[in-house]
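**Student:** With these hints in hand, go ahead and build the complete structure from the sequences.
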Amino acid sequence: MRLLLGLFILFVSCNPNDQYKGLVLPPTPILTVQNSYGVVNFAYIRVRQEPQLDSRLVTMLRGGSIVEIVTSTNNEEMIEGKKNRWYEIQYEGRLGWVFGSYLKIYDSLDKARNAAQEGLSNGTETGS
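Residues in the sequence shown are numbered consecutively from 1, following the numbering used here.
One should not assume that every hint holds.
[As the list claims (entries may be wrong)] SDA-like cross-link-like pairs, simulated, lysine to any residue; straight-line CA separation at most 25 Å:
#, residue 1, residue 2
1, K111, L53
2, K82, T59
3, K82, G119
4, K82, G93
5, K104, R94
6, K83, D107
7, K111, L95
8, K104, T71
Bear in mind the hints are in silico, worked out from the structure with no lab data behind them.
**Tutor:** Okay, structure coming up:
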């Protein structure tokens, strides 16, 4: 009984607002996501369903096409003598994977558009 009475007095005497008076919280940082974009730097590249050479083909992209980078693999691979990672891309609402050596990566859509217009992506090979 004494224990219950003690808990009751403790509970009633606590004012939840008193403990926070004078407490100043730091501002909450705003989280931003930086989108990346790629410009295809070969005449045509294959977009694959998975980040593997033997994966099913989703579509082909022409040189100069601008894609949004969704994510990338953690590890680099050596393909056709080029070392890079695979990038998951979005193009016209479709998702797929392309090997990084066939893209030039930019940190803004404007930079990617400028690069595509300047003709930085007019190679003649077909990429994996």
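**Student:** Which hints, by number, does the structure contradict?
**Tutor:** The structure breaks hints 1 and 4; every other hint is satisfied.
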